[in-house]
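J.: Chain by chain, the residues:
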Amino acid sequence: MKRVVAIVSLLILMSFLPMPIYGKEEPVKPAAFYSGKTIDFTLSEAPGGDMDLVGRLTGPYLKDHTGATPIFTNRRSAGGVEGYAYIYRAAPDGLTMGVGTTLPLILNRITEAPGAMYEPDKFGYICSFLRVRSMFIVAANGPYKTIADLKGAKKLVLGATSPQGNLALSTMSCIKLLDLDAKVITGTKGVGPLLQTILSGEIAGSCVPMQVALRGIRDGNYRALFTLSSERFSAIPAVPALTEIYSIGENEEKKELLTIWGKHLLMSHALITSPGVSKEKLDFLREIYPKLKNSPQFRKDIDRLFAFHVEDADILEGTEVEKSVKDAMSQAGKMKSIFLQLIKEYRL
Amino acid sequence: MVEALLQGTATVFHPTILIGIFIGTVFGIVIGIIPAIGAMVACSLFLPFVYRMPPDLALSFLVAITSVTVTGGSITSILLGIPGTVPNAATIIDGFPMAQKGEGGRAIGAAVASSMFGGIISVFFALGMIPVIRPIVLTFRAPEMSMVILMGLSFLAIIAAGSPIKGMISGLWGLLLALIGFQGLTGAYRFTFGSMFLSDGIDLIAVALGLFALAEMFDMIVSGKTTIAKRETKVRMRHVLQGVKDVYVHKWLWLRSSLIGYIIGVIPGIGGDVAMFIAYGHAKHTSKNSDKFGAGCVEGVIGPESADNACVAGDLLTTMVFGIPGGPVMAILLGGFLLVGVIPGPVMVKENLPLVFTLLIGIAVANAIAGIICILVAPQLIRVASIHIDYLFVVVPVVVFVGAFVTESDVLNLIVAILFGLLGFLMKKFDYSRAAFVLGFVLGELFEFYLSRSLKIFGLTFFLSPACLTMIVIIIGVFSYPWFKKIVSRKFLKGSKKV
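Protein chains in written order, with this note's numbering: chain A, 1 to 348; chain B, 1001 to 1499.
You can take every hint at face value.
Some chain B residues judged to face chain A by a derived CB distance under 10 Å, without partners named:
# : residue
1 : THR1139
2 : LEU1338
3 : GLY1345
Keep in mind the hints are simulated off the structure, nothing from the lab.
The beta-carbon is built from N, C-alpha and C at its ideal position, and this holds for glycine as well.
The whole structure should be built from the sequences, with the hints applied where relevant.
T.: What follows is the structure in structure tokens.
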């Protein structure tokens, strides 16, 4: 009997011996880790939008690079906050990704939009597909042909989508910078309906993303008066930057506002992953950047999607995007007080 | 222009394009039959597959899907009382009672034929309107939109089958629930209790699926019914063709409803849901059999079904002319345009007019194909209404939950569907109109948005624009028409008696 107990005890003890071997994680190379897996890919926008389409276009390249299959889901509630929050909360295994526009990501956090429970500078930025700039547009056949026309007008009504969104804040910033007698009416669901209201004369104009404005400008529907930045946009070089044509003088507040838009709030459509993803995996994912940038097919696809030639300089590395987001977040406190004041002053 | 029309027509009948349209149509019908997976989900699913195709093929394929999903949706609405797509909720009001009475074949025949001919005639409306569409669409600003929506809201009492007061109460509850969520004008989150799920309001698809499909299931369990159709009938092709004949009998209703659908399609930002309810209200309001509406009246099927497919041509034309999507489905289609390198807008109409014609005529072809397919398979499909509840109770909830989940990818929508299922059951039991509730729900947010916007931009006298005043006159005319008709016919009868 004693012998039986001894043998059984020995066997039980022996069964624990391999445990340290099982417990020790075999270092897996990122390429092997991703192979055959699925990527939960979040599109923080409604189907059919720029970001949705650019995300879906990236799918085959992401699969080629990682060996993992992306499964796309639109999580667009609360102006995309749902999607950003989802990616932020996901496990840091590098299997949750998405496409996000850095400006709303930052502004939602700064203006404390409900549900924006994330820190923009903590995401893993893989690369960016397009650097976006804002343009102030009016109807081509409308009464406003120049900034002087706008300045001469009384009780102008300009438009935007969400009251705390980038369209509203950039349009309100234009009012402040140009000393316009204007207010901003918000609430249109998306840029499409907003453009329609400009065309019908319901509102005088708005600041909109350049790729949206460009299509309408080429069609002869809209006239771009200026870009809200310190540089011209290569696809329509005839449209001047605000700083070129308008002197804001020595007003410190305005200087600060212009610096925010020209330097700190650089907007780009970026490929992001959850915070805390290991450096090895993030570096591996970032290797997709040269592949996308040098792929003639991808370049052709995005040129076709945005309807202009996306310059090399507008496709950014993940580290560059990360740097610009960190830079913006370093000014978060200052921006918050400025933007909340703008909303208070200029919302109709 | 004639040359472009001929070129566009020739392209449609090119074998490759025709095959593309045929495949798109078949997908569209199947997707429409599956509850809640409407054109929006279908188009977004197929976008990644089309971007390497030639533009005319890719776009014809997508347009075919978009054009006929509601035709497929009408079948599910009639046979199971489940809205195949959200706009089909209006078809349920009379289509489902017809199936219960054993007239499913006739209802499907009427729905499919009115959809098909509505879709085809709308293409002619669109072709004729190309030169004048721009000024017409630009007339619709916030005040004019408020008036269109007001017209829809005024049908609340009319579309209710029983008491108009109960119809109004249902509609107002729908309207109130539509106000939950983020309000874009003020930036306020209303009744969301800090929940991200409620920030964009309650999902219409989950509401419609619960109110109609689950409510019917609960009702069947409680009432002890074993099948949807109260009496089993052997459905033959002649029953289906009877429905087609009904469309001919009510040809003026079909034409008016198609026109309503087309006009609402042209106006950006309103959509097919509203068109179908307005067409239903109009059908009931102008019918001699208005007391039979809600109990299975074929005119209640013809009205909304003529409007739904007619909407697409109007919506597409506006999108192509302005380069601005008229609604969510067109937003996805616009993405499709851009992916294949076509930029919709005035330049497209000037420089790529044959493609504009190809796509519009493609709508007519897709509708014709869909009509023929649906009529041919209808006698087989109608057997669904005779399936025993034991099987239905397995299939219907699964289909409903998949439909509720798929659009927002949120499991909480399943709870919404169940809650609205219970509410729908109680509404049915106590004779409160579910259709009026859905109409209030659809229009509530739109009405609040356009009215507040009109007041903020144009002030209290916003309705004094010529277009608004014209619309007020039309609204008054539409509502006084039956009384006017009654007075005229009474006088005429008196006169003839004297003779």
